[in-house]
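Here is how the chains run, residue by residue.
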Amino acid sequence: MSPLLHIEGLSVALPEGSERPFAVHDVSLQVLPGQTVCVVGESGSGKSVMANAVMRLLPRNVLRVAAGRITLQGQDLLSLDAASMRTLRGARMAMIFQEPMTALNPVMTVGDQIDEVLLVHGRTDGAARTRRVIELMAEMNLPEPETLRHRYPFQLSGGQRQRILIAMAMALEPQLLIADEPTTALDVTTQAQILALIQRLQRRHGLGVLFITHDFGVVADIADQVVVMQQGRVVESAGAAQVLGRPSHAYTRRLIDAVPRLRAAQAQEQAPAATAPLLEISRVSKSYRARGTGLFGARGRTLALDDVSLCIGQGETVGLIGESGSGKTTLGHCVMRLLDIDSGSLRFNGQSVEGLRGRALAALRPQIQMIFQDPFASLNPRHRVRRIITENVILGGVSPAEAQRRMEQVLALVGIDPAAVERYPHEFSGGQRQRIGIARALVMQPRLIVADEAVSALDVSVQQQVLALLRDVRARLGLSMLFITHDLRVASQICDRIAVMHKGRIVETGTVEAVARAPKHPYTRSLFDAMPGLAWERRAQAQAAEPLRA
Amino acid sequence: MKNDRMLLRFLRQPAGLAGSLMLGVILAVAFGAGWLYPGDPWAMVADPNLPPLSPGHPFGTDMLGRDVAAGVAHGARVSLLIGLIATAIAVLVGTVLGAVSGYYGGMVDDLVMRFTEIFQTIPGFLLSLLMVAIFGPSLYSIVFAIGVISWPSVARLVRAEFLSMRTRDFVKAAVLGGQSDARILFCQILPNTLSPIVVAASLMMATAILLESAISFLGLGDRSMISWGFMIGAGRTTLLQSWWLSALPGAAIFVTVLGLNFMGDALNQTLSPRRRPVGGHA
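For the record, the sequence lines run as chains S and W. For the first sequence, the positions run 567 to 1116 when the working numbering is used. For the second sequence, the positions run 968 to 1249 when the working numbering is used.
Honestly, the hints are just simulated from the structure, not real lab data. Remember, it's a predicted structure, so these values are computed and weren't measured experimentally. Using N, Cα and C, we set each Cβ at its ideal position, and we do this for glycine too. Each hint should be verified, as a subset may be incorrect.
[To be verified] From chain W, some residues computed to sit far from chain S (all C-beta separations above 12 angstroms):
1) Pro981
2) Gly991
3) Ala997
4) Phe998
5) Gly1001
6) Pro1022
7) Pro1090
8) Phe1092
9) Val1115
10) Leu1130
11) Thr1160
12) Leu1161
13) Arg1203
14) Ala1218
15) Leu1225
[Unchecked claim] Calculated cross-link-like contacts (lysine to aspartate or glutamate; reagent style DMTMM-like; alpha-carbon spacing at most 20 angstroms):
16) W:Lys1139 / S:Glu920
17) W:Lys1139 / S:Asp940
18) W:Lys1139 / S:Asp873
19) S:Lys1069 / S:Asp873
Please put together the full structure from these sequences, using the hints given.
Here it is as structure tokens:
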């Protein structure tokens, strides 16, 4: 079979003075009709640049194709003029993006946006176009296409918006679909649905898919061929079974080893001691005032937390699992007293804390610290690391010499060179920044740490290191932790118990093992079923168990 | 090290270089006025109505024999002083109100913003004329009047910046660290909003100089100090006979305002360079 898309020796040059000369260096790959090729790599590996080069969407004057050929069904894409390239985009190859909210025009109804794709490619019959729009939306499993097409992007959920984008991409029945991290911004259950949709479209239309992702679970679920990229180069390229089962390159092995697994052993490793609870959340409710003209024009209050109760023991780590909008971050903020609760009670170390104000609250603050999700937003870009770490303790009445000593201690603990404290945050990588954020929390000598998606924004290998660090400091300092995440596997790596949140309620709590073996609530079950790469993980576990049995 | 590079980047831009040169010349003239033209610029020193490039009087003289060059040089002091002080007042008031409004939100925000709108809905120039007329024409009343009509735009700008900054995680971290509100406002958030404020201030200074000129042109300026606006106003009756009386001070205003605008643009480019659009999740 002749390849649909053929990239040969593609190099894309970065502007002078960048950290490396090429964003993409000597990359070759093929996509056959009906095949899914997954391009995997960590951030900065050049995988998005490569995809944008195929669509000829590279920013001019910044990124320049230095060498190589890209052909679509034998037609050379790099030498085409702008007009013929426009007729190809959409008609024969299409692209979907990571963030469907920014990829859609906010002031146009979604139906009009699909319609526009047809219109600019010369479909002049309005009635036929409308029929096609409805047909496409129905094919994407969107509910009630007739009414939904008159909605604006902000009125749709993230999954629905991504379906609209896929409908736009599929409108002219292209042969090649380029998907750039299309499910990264979505919840796991939505992700599973979108992946299933793409696979169904592929089977029905014989589509070739170039799928860019950082998630090996997703790769295991959908890939036929896998291309692993590192620093702009292809380090490994082979069939999915081969790459996932017997990776040949050291980098690939490292990436695969870093993928978090469901660890059921955690419970035996560290049985939570039956001590007096450090934090008791009992029957807490919290509601927000809804926006004036919501979806149904109703003005009311949305219940973010509905009668939530949870205990965290001394030295225990409890995972709070749920999708976006389930209320888990709100609960975290209430625990840290960044938000006031409407009803219920919060007891910390036996003391009732929900009504604390002023000086009493200031005395509580150091004991509950937080680790944030985005290491780029959580450090003040205008302050040096020394100030970021020591400012709060010095303000809390600790002498500068003592603050210096504590800072050196926590820096050693989190693995940051103490000589680096005179630098600004932007001089550090994402993983290092996260370590600095952890140091800032630890230097206050807290008893409870609330980690809100603390590793979600990190690459897998860095994620693994930060999780190991958190496990280490927790054991050494005897910390309790409320670990908020959407990722069951990550939770299983560090939590003694997990609590599953759904629509503001805690629907299930228990040890990871117990919940994983027999999820009681249907929502918990769907969360486990939606985990990407589940089959691959089971296979790998079976393989690992095999030699033992023999 | 870092500041050196910033300065270099600023001067590498044509606008930055041109703006600095223009303002440099005006500043030099303003500082050197007492040395270049000692004595009173109001004094009659030569025959009336000498054209420009007359010996000893490069800018000519006016209908009373006063040296125009001396007037322009001394006027530079007044214009720059008024521009600088009025801008400082506006930025100070606007930043404090905008910061408080944006950070606290809710009722505080509503109150401050409605108060700001009172000033925004009254035509600014008329309000400043009215104030100068009521308080009497003096340097202080002019600075005050210009400051009063200039702060609302700063307040709106700063409020918008603080609105987006207050949700950042590093602000939450400061709250959790037990920092006081004032400290979070001025030590954590404010440094991150300085670049738009500096840019706005440089452009605002140009507007302030224009406003002062307009007030003086209408004869409401401080009579004890010569200013560019007054010179243009005084020369307008003989514009057809002695064009240089109005044109040369006008040119001085033009150069100053253009220089400030250039500097504002260049500062904008230097302080907030658009992030290079290299693929995000590559």
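Against the structure, the hints:
1. Pro981: holds, 19 angstroms
2. Gly991: Correct as stated: the minimum Cβ-Cβ distance to chain S is 29 angstroms, above 12 angstroms.
3. Ala997: holds, 33 angstroms
4. Phe998: Phe998 of chain W clear of chain S: closest Cβ-Cβ about 33 angstroms, beyond 12 angstroms.
5. Gly1001: holds, 40 angstroms
6. Pro1022: Correct as stated: the minimum Cβ-Cβ distance to chain S is 55 angstroms, above 12 angstroms.
7. Pro1090: holds, 33 angstroms
8. Phe1092: The claim holds: Phe1092 of chain W sits with its nearest Cβ about 36 angstroms from chain S, beyond 12 angstroms.
9. Val1115: For Val1115 of chain W, whose nearest Cβ neighbour in chain S is about 31 angstroms away, the distance exceeds 12 angstroms, so it holds.
10. Leu1130: Holds: least Cβ distance 15 angstroms, greater than 12 angstroms.
11. Thr1160: violated, 10 angstroms
12. Leu1161: At about 8 angstroms from chain S, Leu1161 of chain W fails to clear the 12 angstroms cut-off, so the statement is violated.
13. Arg1203: The assertion about Arg1203 of chain W holds, with a minimum of 50 angstroms to chain S.
14. Ala1218: Since the minimum Cβ distance to chain S is about 38 angstroms, Ala1218 of chain W lies beyond 12 angstroms and the statement holds.
15. Leu1225: holds, 29 angstroms
16. W:Lys1139 / S:Glu920: Measuring from Cα to Cα gives roughly 18 angstroms; hence the hint holds.
17. W:Lys1139 / S:Asp940: holds, 12 angstroms
18. W:Lys1139 / S:Asp873: violated, 25 angstroms
19. S:Lys1069 / S:Asp873: holds, 11 angstroms
The structure is inconsistent with the numbered hints 11, 12, 18, although it conforms to all the rest.
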